[in-house]
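*Asks:* Sequence:
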Amino acid sequence: MPDLTEVTIGYVSAVDQMGAAVALDIGFYDELNLDVNLAQPFPTGVDALNALDAGDVDFVQVGTPSIGAVLQGMDLVYLGNYSGSSSQLGIDETMAMVATEESEIDPDDLSTLAGKRIGVSIGSINHLYALGVLEDAGLGPDDVELVNTPPPDMGVAMETDGLDAAVVWDPWPITIREDVDGVFEVSRGGGHIAYIGYIVSTREYVENNPEVVEAVLTARAAADHWMRENPEEAADVTVRWIPGTEIEVAEEAMQYNIIQLDPRFSACNYLALDTMMQVFADMEVVDGTYDVNDHFMPGPILSVMEEYPELFDDLPEIPEEAQITPDYTFARGEAQSACPEG
1 MPDLTEVTIG YVSAVDQMGA AVALDIGFYD ELNLDVNLAQ PFPTGVDALN ALDAGDVDFV
61 QVGTPSIGAV LQGMDLVYLG NYSGSSSQLG IDETMAMVAT EESEIDPDDL STLAGKRIGV
121 SIGSINHLYA LGVLEDAGLG PDDVELVNTP PPDMGVAMET DGLDAAVVWD PWPITIREDV
181 DGVFEVSRGG GHIAYIGYIV STREYVENNP EVVEAVLTAR AAADHWMREN PEEAADVTVR
241 WIPGTEIEVA EEAMQYNIIQ LDPRFSACNY LALDTMMQVF ADMEVVDGTY DVNDHFMPGP
301 ILSVMEEYPE LFDDLPEIPE EAQITPDYTF ARGEAQSACP EG
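Quick note on numbering: the sequence shown equals residues 1 to 342 in this note's numbering.
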């Protein structure tokens, strides 16, 4: 029996990041000779990236915080999706806004968000979702007060009148709605943003461990496929790995999560990152942009897609024009033409 390769993976306490835990619980890592340790759940992607930069973990699952990290000099590479879509641009079913009864926010008239205190994690995907909801309501970030709040603290902040509303990923909006009297859902999904959620590592690690990278991506693809077929069992895994999550909350959240479990890469994933990075740059959340071609490494996941087609055959077909090869070079205009908005 071959020796197992030790790997440490970091994840955030979010339902859409449960593929890392499912692959461990079901044994998909073991089948590929990986001895995987999951780090304690990080509050945000920024914390996960700090652990990756410090060498405490080998892989993390992260979206928008990777933009700032790359701009600050971290040599990250994007290897696959933990959540998102390779068949369309806009997808955000795992995101929601919730509000207090006292806020007088009207879900049917989102202009009522004006002047409200909205909790987000600045620089994370929920921040982008908030900006998307505001834009579609004819509002900008200056029309509200965006309050930087870690997801685990949002419920208490709403209960103690520190926030009127909160925007966050599952399970938190469902948990807050269940735990805080009078809280209700304002918005769920809606295609407001191009969701970005990537499995990443450092370039040095990937170049030195190509077989490990492909094995991790294979195990994750197997876990995603299993979750799409077994959402109730996946909810059981969730309550074990996200402390304090009730099974009813996990079951509801998992129904949204499986819509976005598409680990494949296409031109749409390059376009999603480029689009969201430009939004942050325009809002001056980050200083500048970078060429996404320099940080995508599609070869390993494309190999998994070719070798294990049965792990992806239940997913929507990638538009022919959006399909890529290992030497693909992103061109924004071509990708926009190839990827449906969603």
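Keep in mind that the hints were calculated from the coordinates and are not lab data. Incorrect hints may have been included.
[As the list claims (entries may be wrong)] Ranges of calculated distance between the beta carbons of each label pair, as one might list FRET restraints:
hint, residue 1, residue 2, range
1, 342, 138, 41 to 49 Å
2, 326, 288, 21 to 29 Å
3, 232, 329, 23 to 31 Å
4, 106, 306, 45 to 53 Å
5, 230, 148, 52 to 60 Å
6, 159, 306, 45 to 53 Å
7, 106, 313, 22 to 30 Å
None of the values given here were measured: they were computed from a predicted structure. Backbone N, C-alpha and C define an ideal beta-carbon position, used for all residues, glycine too.
*Asks:* Each hint should be assessed against the structure and marked as holding or not.
*Replies:* For each hint, the structure was consulted:
1. For the hinted restraint 41 to 49 Å between residue 342 and residue 138, the CB-CB distance of approximately 22 Å leaves it violated.
2. For the pair residue 326 and residue 288, the beta carbons lie near 28 Å from each other, so the given range of 21 to 29 Å is met.
3. Roughly 42 Å separates the CB atoms of residue 232 and residue 329, a value that falls outside the hinted 23 to 31 Å.
4. Under the hint 45 to 53 Å, the C-beta atoms of residue 106 and residue 306, about 50 Å apart, fit the expected range.
5. With their beta carbons about 36 Å apart, residue 230 and residue 148 fall outside the hinted range of 52 to 60 Å.
6. Look at residue 159 against residue 306: about 50 Å separates their beta carbons, and that is inside 45 to 53 Å.
7. At roughly 43 Å, the beta-carbon separation of residue 106 and residue 313 lies outside the given 22 to 30 Å, and the hint is violated.
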